[in-house]
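The lines below spell out each chain.
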Amino acid sequence: MPGIAEPLSRRTVLAGALGAAGLGLLSLSGCAPARQEPTIPQAAATGATRPGGRLRVARPAASAAETLDPASSLSAYEYLGALYNRLVKLDERGGTVPDLATEWSSNADVTQWTFRLRGDVRFHDGSAFTAQDAIASIAHILDPATASPQAGVLGEVIDASAMTAPDPHTLRFRLSKPNAEFPSLLAAYQCYIVPADAVGDARRTGIGTGPFRLSSFHPAGTGSVEAVADHFAGRPVLDGIDFFSVQDASARVNALLAGQIDLISQTNLDFATARVVAASPRATVARSENAQWYTIPMLATSAEFSDARVRRAMKLAYDPRRVVETALNGTGSPGWDNPVPPTMAAFLDEPRVHDPDKARALLKEAGAEGLSTKIYTSSYDAVFTPLAVAYRDAVADAGVRLTVQNASSDSYYTQVWMQEPLMVSYWFTGRPIDQLLGQIFRSGSSYNESAWSSPAFDAVLDDARAETNDERRRMLYQDAQRLIVEDGADMTPMFGDRLVGISRDVVNYTEYGFEFDHLSIGFRK
Amino acid sequence: MNGAAAVGRRVLIALLTIVLASLFVFLAVQALPGDVARQLLGQDATPEAVAALRETLGLDRDVWSRYADWLLGAVRGDFGVSLVSGAPVGPDLLTAFGNSLLIAVPAVLVGITLALLLGVVAGVRRGRAADTAISLTALVLMSVPEFMMATVLVLLFAILFPVLPAVVLRGSEATPVELLPSVVLPAVVLTLAMAAYVVRSMRSSTIDVMSREFVVTAELKGLSPLQVVRRHALPSALLPVLDVVALNVAWLLGGVVVVENVFNYPGMGKLMIESVHNRDLPMIEAIAVVSAAVYVLCNLAADMTALALDPRLRTRRRRSA
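The listed protein sequences correspond, in order, to chains A and B.
Each number in the working numbering corresponds to the 1-based position in the first sequence with 7 added.
Each number in the working numbering corresponds to the 1-based position in the second sequence with 682 added.
Hints listed in this document are in silico derivations from the structure and should not be mistaken for laboratory results.
Any given hint could be a false lead.
Just some of the chain B residues that point at chain A, by a computed CB distance under 8 Å [claimed, not checked]: (1) Leu723; (2) Ser767; (3) Ala811; (4) Asp813; (5) Pro844; (6) Pro847; (7) Asn943; (8) His959.
These stretches of chain B come out as covered by chain A in the derived footprint (C-beta under 8 Å, 3 or more residues) [unchecked claim]: (9) 730 to 744; (10) 785 to 794; (11) 833 to 842.
Heads up, the beta-carbon is just placed ideally off N, CA and C, and yes, glycines get one too.
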């Protein structure tokens, strides 16, 4: 039974049905060119905008417990970038660029960092932004009561007493150990700055320094933000953004096709649905390139994958190009088990070989010839099951027999993840290089999904953090990638493009990693 | 005297059914993998945060004492607070239940009336063109799942000819009046899905009754066909259909889950999906009680109607009088 047909989820069936019905009806009515396969556009439309307008966004709300506190793990993500600013943000190559901080520098052994802050910034309530607000916001992240996902990363190098303000627009951090990449850790989307005297109220008020101010917010319901005319980075094109919670993915797509909304957030459309959307007269698809980082963690503590030779064989056995073709219809790029996306500056461009014979030999050597086990998947993400099936087929040449096991999506990350020996998983790309490697691969990190523990890797990471020469540091991060490709337990078969449903009237949509351009997005002139 | 005892027995059984339903649902939620703390905090949660939330919510106590606490509260009308939003369960559930009624009541009224009528027509005109058309349509509607029907209707009336909204955007904040345009499509889907079953069973029941001796006698007496159907056949033919109607109405009120989800309609079905996803036990329990109550009431109503319609019972009453 397993391995032949996975039970189709209702959503998959619906998407398929929608696809079939949609294509049929659209071409019948003459809305789409008949008999022509609709293709998915490469990039979002750009062009001149007419000032004003309100963007309507459909989002899946996590739960009624969601909050506007950026530090919380329950934050309503779509609002954050509109309402708040960080000290620094990331560019498309993973570099750190100014936001509220204009420049920064360190002492010689990178244990002390000084940030120069903008002096012309006001919060939505009219109060001026100073270094004290930044100190209070970061202290709030570090506070164990907040239980912020970023607390672990920052807590490794600073505590609340490590921050001082020599003057109102200078902020100094004294690190407990050297870290040349420290500024990039402040670019996480938990690190938005809220007013010092109202840190606890941010979850309701949403007062920040961002290009939009909050006008209403109902957890798991609707909410609106209004443009700030005198924002330091310039006035946004839009007058405002309205957010709507729509839990069902196909309902979000229907709302877009019917013209009720302009953008679907946090939804990677499956390929069939994306084609229907791209063929519609009102809506189209924008790609967020390499936004989805797909992984296949092999649990290094399990009986199956504790042997490094077996792990190496599982990699040599498959060709990621074939997986991209099968699982993504080509809308992505092969990962070759290197977790760093090719667009990042620190990317190690050394493709590993695809060698099923060597994989077979390694398995034999490890006494695991004809390895047979389960690979877990779920409908949590539209690409999971195609990925699991593609990987199963790809490793068959090396004599590895996998059975695809479908698990319930609502408990996938609580019952299967980090517990079953082999599964498919994903992350969003957009972590700075040090955080990416440290959070997902370092021994003992709570996000280390393969439970891989390599003292050599940890040592390289420590050396990189202490290295002040940019070129040498980049080489150390590349050594770390080499270790992951050769010995690591978390495979990266591919990076997928996120297929975003968007109205044909919207131009200048840009999103990479966790960065969304709120200023230039607007309606076509 | 006897009648009062029977009614009392019925009410007791109804209450017991509701309590048992609440117990089974409580245990079923315990058996689900993951708890509210894990589901709420999700993949990003630190183990410390999960443990802390678990303790705050009292999830570390044993199942039976938690169920006993809940039952004591529920008896006094206190269904507790949602573990997710922290707000009392009652008002949210009432709003959602009211919204569900907004699509269910029109669906029931229109659907049942239409279905009974068409079923009788098909039964009386068995084998003719009208019967073929009605039976075929009913069969097709029965075979198409509701979400597929919903999707096709959305494509037609919201996307190709945009006269109705595809989904509800202002969900829980909307007033019933604001919801009205969004009520049409879900109500139509429910009507069609439900009516098909009732048509089929009304048709076979009519055919069955029309061949009985008393109907043949009525025809031979020289009554007009309309009178035969209305006075003699219909009351008998309705009896076996009542249970089907009751089951469909109960299904409609308790389980419009799929339809509400497709339309993002803020009713009880959607609330249930979200509550189960989050393992929000007080909300799930309250929904279970309401669903069980609706189910029990529908069956009770069907039995009462059957009593009222049964000619034999009427005869007996007349004799004793």
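Here is what the structure says about each hint:
no.	hint	result
1	Leu723	holds (6 Å)
2	Ser767	holds (4 Å)
3	Ala811	violated (29 Å)
4	Asp813	violated (30 Å)
5	Pro844	holds (6 Å)
6	Pro847	holds (6 Å)
7	Asn943	holds (5 Å)
8	His959	holds (5 Å)
9	730 to 744	holds (count 3)
10	785 to 794	violated (count 0)
11	833 to 842	holds (count 8)
Checked against the numbered hints given earlier, this structure breaks hints 3, 4, 10; the rest are met.
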